[in-house]
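Number of protein chains: 2
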Amino acid sequence: MAKTEDDLAATAVSLGFRHQPLPSDVGDVRRLVTQTGFFSRAEIEIAEELVGERLAKGAAESGYEFVFATIGEAVVGYACYGPIACTVGSFDLYWLAVDQGRQRQGLGRQIVAEAERQILAAHGRHIYVETSGRDQYEPTRRFYSQVGYEQVAVFTDFYAPGDDKVVYRKVLRP
Amino acid sequence: MAKTEDDLAATAVSLGFRHQPLPSDVGDVRRLVTQTGFFSRAEIEIAEELVGERLAKGAAESGYEFVFATIGEAVVGYACYGPIACTVGSFDLYWLAVDQGRQRQGLGRQIVAEAERQILAAHGRHIYVETSGRDQYEPTRRFYSQVGYEQVAVFTDFYAPGDDKVVYRKVLRP
Numbered sequence: 056m057a058k059t060e061d062d063l064a065a066t067a068v069s070l071g072f073r074h075q076p077l078p079s080d081v082g083d084v085r086r087l088v089t090q091t092g093f094f095s096r097a098e099i100e101i102a103e104e105l106v107g108e109r110l111a112k113g114a115a116e117s118g119y120e121f122v123f124a125t126i127g128e129a130v131v132g133y134a135c136y137g138p139i140a141c142t143v144g145s146f147d148l149y150w151l152a153v154d155q156g157r158q159r160q161g162l163g164r165q166i167v168a169e170a171e172r173q174i175l176a177a178h179g180r181h182i183y184v185e186t187s188g189r190d191q192y193e194p195t196r197r198f199y200s201q202v203g204y205e206q207v208a209v210f211t212d213f214y215a216p217g218d219d220k221v222v223y224r225k226v227l228r229p
Numbered sequence: 056m057a058k059t060e061d062d063l064a065a066t067a068v069s070l071g072f073r074h075q076p077l078p079s080d081v082g083d084v085r086r087l088v089t090q091t092g093f094f095s096r097a098e099i100e101i102a103e104e105l106v107g108e109r110l111a112k113g114a115a116e117s118g119y120e121f122v123f124a125t126i127g128e129a130v131v132g133y134a135c136y137g138p139i140a141c142t143v144g145s146f147d148l149y150w151l152a153v154d155q156g157r158q159r160q161g162l163g164r165q166i167v168a169e170a171e172r173q174i175l176a177a178h179g180r181h182i183y184v185e186t187s188g189r190d191q192y193e194p195t196r197r198f199y200s201q202v203g204y205e206q207v208a209v210f211t212d213f214y215a216p217g218d219d220k221v222v223y224r225k226v227l228r229p
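Protein chains in written order, with this note's numbering: chain A, 56 to 229; chain B, 56 to 229.
Keep in mind the hints are simulated off the structure, nothing from the lab.
Just to be clear, a hint being listed does not mean it is correct.
Which copy? The list can't say, so a pair holds if one copy fits it or any two copies do.
Lysine to aspartate or glutamate pairs mimicking DMTMM-like chemistry, simulated, CA-CA at most 25 Å apart [stated by the list, open to error]:
hint : residue 1 : residue 2
1    : LYS112    : ASP218
2    : LYS220    : GLU120
3    : LYS220    : GLU103
4    : LYS220    : GLU128
5    : LYS112    : ASP212
6    : LYS220    : ASP190
Hey, can you work out the whole structure from these sequences and the hints?
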């Protein structure tokens, strides 16, 4: 499994990264998040709103930072993260999505690595990710384990009866 | 210990409860939260802002609900809670504070019970509370245990090195 992932990563095209959102990213984020088929309408609206809030208010006031992965002009994936209020160095990774046509090429791994570099540069110590315990999210949970995130909590029936919240954390080493 | 608490609760004056914030509550919340001596300047600002957001946007858009405990005209304690986005029936209890001159009279317990009644009426299933693992917060953690909240997670060094986040939950029974 790990070998296959590495092989695929080795064949991945070279990505560009951009950290400043553009107005066109609102639509790109909607497309990326909708395509996955994983998220509810309410969740998709939130993903889109976070880009809008960042564009309207800037990084400091909105609290939302982005990594947009690009190939040429196309946005092929993105991450949204931000510092957790009233903490020293704890960050949430709110969103991560990769273009459906470019899955299994190591893009998610590269986008997370870029977000981690940015968070470390901002004196981050911890990154938290929340996901669902439902079967559908097993690939998501496996992905975070593979890139060094450790499961630190499970809240049973959090999202709904039968739908747990699972929290992962990576401790960054400067 | 429990006996003493019950005795004190039995002597407690009868509280009124109000759920609609008034502009004057912004200052009352600042006073209540500041008095405790537990919260940082940033945290106090957030407590105050939540009242302002609720006044400006209403309950649905702000996501913030309140219980103000009153004796006559005076606000002697409050709770702020709200539904957690993208969940079915999970609520966060964001803030709870009791007038410093009226500690240890069972007011906190009564305010939490009123918030729980409101949350149950809104089809809430779970209430989550986050607090610090620092020694200073031992009375806070003991309070939540005493009123039926169970510790469900500890995030080590979450707030800062040496300052854990402890998460409590109460499962409501209709």
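Hints, one by one, checked against the model:
no.	hint	result
1	LYS112 - ASP218	neither (34 Å within a copy, 30 Å between copies)
2	LYS220 - GLU120	both (23 Å within a copy, 23 Å between copies)
3	LYS220 - GLU103	within (22 Å within a copy, 29 Å between copies)
4	LYS220 - GLU128	neither (36 Å within a copy, 42 Å between copies)
5	LYS112 - ASP212	neither (34 Å within a copy, 30 Å between copies)
6	LYS220 - ASP190	within (12 Å within a copy, 28 Å between copies)
Consistency with the previously given hints fails for numbers 1, 4 and 5, ordered from lowest to highest.
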